[in-house]
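J.: Read off the chains here:
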Amino acid sequence: MELKELSKRLEEVYRKIKAELNWEPVGPTPMPELSDLRNWDMRLLKTYKPFYAPFCDMCCICTFGKCDLTEHRRGACGIDIATQQARLVLLACLIGCSCHTGHAAHILDYLIEKYGPDKKIDLGEGVAVEAPHIRTVLGMKPETLGDLKVAIEYIYKELTHLLSSVHTGQEGSYLDYESKALHAGMLDHVGMEVAELAQISGFNYPTSVAETPLVDLGWNAFDKTKPIILFIGHNPATSTAVVDYLRESGLYDKVEFGGICCTALETARYSDRAKVVGPLSRQLFFVRSGIADVIMTDEQCIRTDITQEAAKVGSALIATLEKAMYGLEDATNMDTDEIVRKMVDEKKQFVILNPRKAAEVAVKVAMEIAPKRRKEWITEEEAKELAKKCSLCGLCEQVCPNLFNIGKGISEVAKGNFDTIRDIFNLCIGCGKCEEECPRNVPIFKIMQQAASKEVWKIRAGRGPIMDTEIRNVGAPITLGTIPGVIALVGCSSYPDHRDLAEVVEEFAKRKYIVVLSGCAGMVAGMWKDADGKTIYEKYPGNFDAGCVVNVGSCVANSHITGAAIKIANIFAALPLRANYEVMADYVLNRVGAVGVAWGPYSQKAAAIATGCNRLGIPVVVGPIASKYRRLYLSRKEEDDWRVMDARKKQIVDTGEPSPEHLIYVCETKEKLMVTLAKLCIRKNDTPQGRAIKLNHYISLYKKYMGGGLPEDLHLYVRRDADIPLVYKKEVKAYLDSIGWKPKEPVGLPTWIGTYPTKVPVDAVIR
Amino acid sequence: MSQLSPIIPYHRVNTLTGTRTARTLEDPKDIVRQIKKAKRPLFVLGPIATKVSLGDKLLIEYCIDIAKAGNIPICATATTKAKLLEYGVKPDSVYDTVEIINALKDPEWKGVKGEGNHDLVIFLGIRSDLANQGLSTLKHFAPHLSTLTLCKYYHPHADYSLPNIFKDEKWKAILDGVIENLKSEQQ
Ligand code: SF4
Ligand code: SF4
Ligand code: SF4
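Chains A and B supply the protein sequences, listed in that same order. Position 209, counted from 1, in the first sequence is what our numbering calls 384; the numbers after and before it change by one each time, with no gaps. Position 84, counted from 1, in the second sequence is what our numbering calls 91; the numbers after and before it change by one each time, with no gaps.
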């Protein structure tokens with residue numbers, strides 16, 4: 176009976192993924208359900224154990240509660256504090272995954288409406304493996320927009336089951352909740368990939384090219400004498416319609432347009448006239464400047480008080496997506512001229528769900544109200560005057576999530592010194608809590624306008640997928656270790672210091688790592704110039720190669736970064752990927768020295784992205800604020816199980832080598848981050864030459880940022896003399912001798928397959 | 008040990024936050040009494056201690072004096088090791104904040120001296136958001152040890168914490184007092 180059921184399910188799955196198309200054999204886990212990859216997860220969680228830092232002592236999600244979970248108390252439902260944390264992490268991952276998948280589904284429907292379901296997915300000549308995630312997870316090779324619907328429906332189904340497990344009285348094990356969170360993270364990357372494939376094909380974004388246009392970046396990038404339209408959010412359906420409308424109506428160079436957050440990046444891939452104002456942390460600043468004539472919101476990471484903020488400064492506002500309608504009247508079916516009149520004369524704000532119509536209205540309204548708008552930032556004198564109201568009560572400091580002494584900065588401005596407030600501005604995450612709290616109503620944000628840099632920088636428009644040829648070129652050096660690693664800086668902008676990003680890029684690009692960027696991190700890294708006035712995007716080529724700096728695009732473009740890791744296993748190592756998730760993840764974990772950095776993540780999407788990286792074997796380092804995510808995956812290097820299977824000898828070997836040491840890890844300072852990144856690129860597969868290069872960087876970064884000496888755990892990463900970098904030979908040898916270090920054999924083909932219960936045979940990792 | 012939060016509704020389901028929260032200590036004698044009660048204390052130093060001045064000294068100098076006077080091993084996090092070495096102090100261990108917390112929550116851990124896990128962990132110089140999360144971990148998962156914070160502001164998740172201190176002179180007086188009392192106990 177059970178067997179029959181199973182085969183019925185498989186029959187259904189095989190039909191959906193068109194199993195009869197024989198491009199690769201169908202692997203063991205097509206369209207995996209909640210429990211299909213559970214053994215892999217448990218293997219991960221055995222070495223990288225969940226570490227919980229409860230953000231709240233209570234649970235308040237059902238009417239049994241609130242329940243106090245301190246001192247080993249259980250909730251009225253029986254849950255303990257660890258399981259409760261894991262449940263909340265799963266919930267965050269589900270929110271994140273559904274945001275990306277919701278975005279993907281919307282844009283897909285929009286494009287199918289426009290071009291029909293048979294429109295071909297086309298990523299250009301350089302990309303034959305178009306959908307590494309969909310191929311690996313579902314086992315399907317999508318050819319048309321219509322095919323992508325299969326992936327969306329699969330995610331919808333899994334999401335429903337996962338979400339139901341969060342209900343009171345369901346899952347009772349933190350490990351199983353973690354396995355479910357890892358599942359949600361994996362689905363998230365599939366959802367992001369769908370969005371990217373649809374957008375690139377539907378909007379003709381650049382693809383199969385490394386050198387994409389350089390576009391203007393910074394909040395002074397707009398020509399303020401022209402009408403300005405500002406996009407906030409992540410979905411380009413409407414912003415691209417604005418560009419189309421401007422082109423068709425001959426206004427293309429008469430109106431300024433650009434955005435905050437990912438829609439800015441998406442629009443810049445569509446038109447190099449688009450401006451990228453900046454990351455999420457600059458949203459409220461820019462809105463409060465009143466420089467935008469029209470604000471168009473779409474989805475995700477928009478201030479939920481955007482309607483009030485826009486009204487306060489006289490910017491018009493149009494909400495363009497169902498997911499964020501702000502209680503506004505839906506004018507989708509109203510006459511265009513009537514909407515424009517009401518927006519201009521009566522200052523009404525509307526929802527307009529038809530992109531074409533929203534575009535026309537936005538342009539017309541912007542043209543009408545621009546002549547009356549203030550065109551300049553406030554002056555130094557004005558700022559000084561405003562700052563005089565501050566009584567240095569310190570209430571603002573108490574509510575600042577980044578713990579700044581804002582009152583000090585403001586009171587200095589009153590004396591004519593802008594240095595402190597400028598520093599704070601560089602660190603600020605832009606939440607607005609300080610100004611809200613101020614009992615004297617000091618307009619802190621207005622004053623900070625003076626402190627903000629008026630520089631215009633450059634950012635390279637997102638280039639989308641990594642080309643197959645690039646993968647072929649770097650596959651060997653990455654897996655041997657002679658390219659010391661891939662560092663991917665992604666995610667939101669709640670950094671300890673905005674300047675850290677460009678520094679990290681510089682440090683690792685100079686050392687010939689491959690540096691990849693996306694989302695807000697890609698913007699902030701561009702907001703810095705060297706002595707010659709060049710940004711990182713002008714300094715380093717945009718190829719996926721040693722010493723290059725690649726901006727893949729918006730948040731959903733993160734799927735290309737993880738996709739590149741899968742492509743190394745598939746294209747370079749020639750391992751089949753079709754429905755073969757464990758083999759891909761195992762390869763990435765043990766052989767691809769890639770690390771993600773989310774230095775200022777705040778969102779649930781970031782939680783999902785990071786967790787998806789983790790299931791695929793990519794470690795992630797997060798900034799200190801991310802300790803509030805409640806959960807890390809940490810090993811304890813001296814104590815944990817570092818055994819692997821040597822696939823050549825078919826023997827389990829105890830390597831004692833903690834590589835990679837953690838799966839998700841918090842660093843407190845930039846200095847520690849630099850050193851940690853180099854260390855987390857070490858893999859058991861490194862050749863002696865590759866290992867020596869990686870250790871060279873680990874040691875030299877340690878000396879540079881940690882103040883000299885050798886890393887405390889260096890001995891764990893030296894297998895034989897040949898691993899020791901030449902420059903430090905003497906010092907390292909002396910240290911190793913002093914602690915009684917003994918050489919050990921490197922492992923031929925390190926894998927976890929064969930070390931835990933799995934359907935996959937060890938031979939599956941050999942080619 | 009730790010006190011209940013000051014106002015707890017009679018019906019606990021109406022409670023605003025957890026019912027276990029730090030006891031404030033500000034008399035150096037009380038602080039030293041807690042330190043002296045411990046058999047295997049540990050001092051975890053964060054990078055802020057290397058940057059903030061108090062009186063005419065860096066915060067880390069107070070930490071060094073406390074560690075010396077109380078014979079307390081030091082765990083250096085982030086970049087604090089380099090600064091300690093400048094003062095001629097070799098830390099007994101180097102772990103990052105989350106790593107030391109992760110080790111501390113294991114009751115079987117052998118501790119930085121290999122003599123067994125610590126029974127009192129003193130913290131100073133870690134960003135307050137990260138410290139708050141780390142102390143929450145220990146509060147929930149390390150019932151085998153107590154925590155004490157000497158930061159300027161109250162840490163609710165610790166077992167013992169200084170209250171919010173708005174004047175640096177007061178903070179300095181407490182730290183000096185701790186050093187003196189430890190020294191006199193030593194004699
Ligand atoms: S879900 Fe459980 S722990 Fe949460 S409030 Fe309900 S009974 Fe309490
Ligand atoms: S806006 Fe900036 S300075 Fe103000 S509270 Fe938020 S992070 Fe702190
Ligand atoms: S809350 Fe207002 S008055 Fe008080 S310190 Fe901050 S800016 Fe000054």
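Treat each hint with caution, since some may be false.
Said to hold, decoys possible - In silico lysine-lysine, BS3-like type, Cα no more than 30 Å apart, as pairs:
1. B:Lys177 / A:Lys221
2. B:Lys177 / A:Lys878
3. A:Lys905 / A:Lys221
4. A:Lys879 / B:Lys177
5. B:Lys36 / A:Lys803
6. B:Lys177 / A:Lys812
7. B:Lys75 / A:Lys803
8. A:Lys583 / B:Lys177
9. A:Lys919 / A:Lys905
10. B:Lys120 / A:Lys879
11. A:Lys332 / A:Lys183
12. A:Lys803 / B:Lys190
13. A:Lys590 / B:Lys46
14. A:Lys523 / A:Lys633
These aren't lab readings, by the way, just hints derived from the structure by calculation.
J.: Please go over all the hints and tell whether each is borne out by the structure.
T.: Hints, verified against the model:
Taken as a hint, the lysine 177 of chain B and lysine 221 of chain A pair is broken in the structure, with Cα atoms around 47 Å apart against an allowance of 30 Å. At roughly 37 Å between alpha-carbon atoms, lysine 177 of chain B and lysine 878 of chain A are farther apart than 30 Å, so this suggested pair is violated. For the given pair, lysine 905 of chain A sits about 37 Å from lysine 221 of chain A by alpha-carbon distance, which is inconsistent with the 30 Å threshold. Distance restraint check for lysine 879 of chain A and lysine 177 of chain B: the Cα-Cα separation of roughly 37 Å exceeds the 30 Å cut-off, and the hinted pair is therefore not satisfied.
For the proposed pair lysine 36 of chain B and lysine 803 of chain A, the alpha carbon gap of about 34 Å is over 30 Å, so the pair is violated. Between lysine 177 of chain B and lysine 812 of chain A the CA atoms are separated by roughly 41 Å; this puts the pair beyond 30 Å, and the hint is violated. Restraint check for lysine 75 of chain B and lysine 803 of chain A: not satisfied, since their Cα atoms lie roughly 34 Å apart, outside the 30 Å limit. Distance check on the hinted pair: lysine 583 of chain A and lysine 177 of chain B sit about 20 Å apart at the alpha-carbon level, within 30 Å; holds.
For the hint linking lysine 919 of chain A to lysine 905 of chain A, the alpha-carbon distance of about 20 Å falls within 30 Å, and the restraint holds. Our distance criterion of 30 Å between C-alpha atoms is met by lysine 120 of chain B and lysine 879 of chain A, whose separation comes to about 28 Å. Between the alpha carbons of lysine 332 of chain A and lysine 183 of chain A the distance comes to roughly 17 Å, so the proposed pair stays at or under 30 Å and holds. A hinted pair counts as satisfied when its Cα atoms are at most 30 Å apart, and lysine 803 of chain A with lysine 190 of chain B does not qualify at roughly 38 Å.
Taking the CA atoms of lysine 590 of chain A and lysine 46 of chain B, the gap is about 53 Å. The hint is violated against a cut of 30 Å. This hinted pair does not check out: lysine 523 of chain A and lysine 633 of chain A have alpha carbons roughly 35 Å apart, beyond 30 Å.
Of the hints listed earlier, those the structure fails to meet are numbers 1, 2, 3, 4, 5, 6, 7, 12, 13, 14, in rising order.
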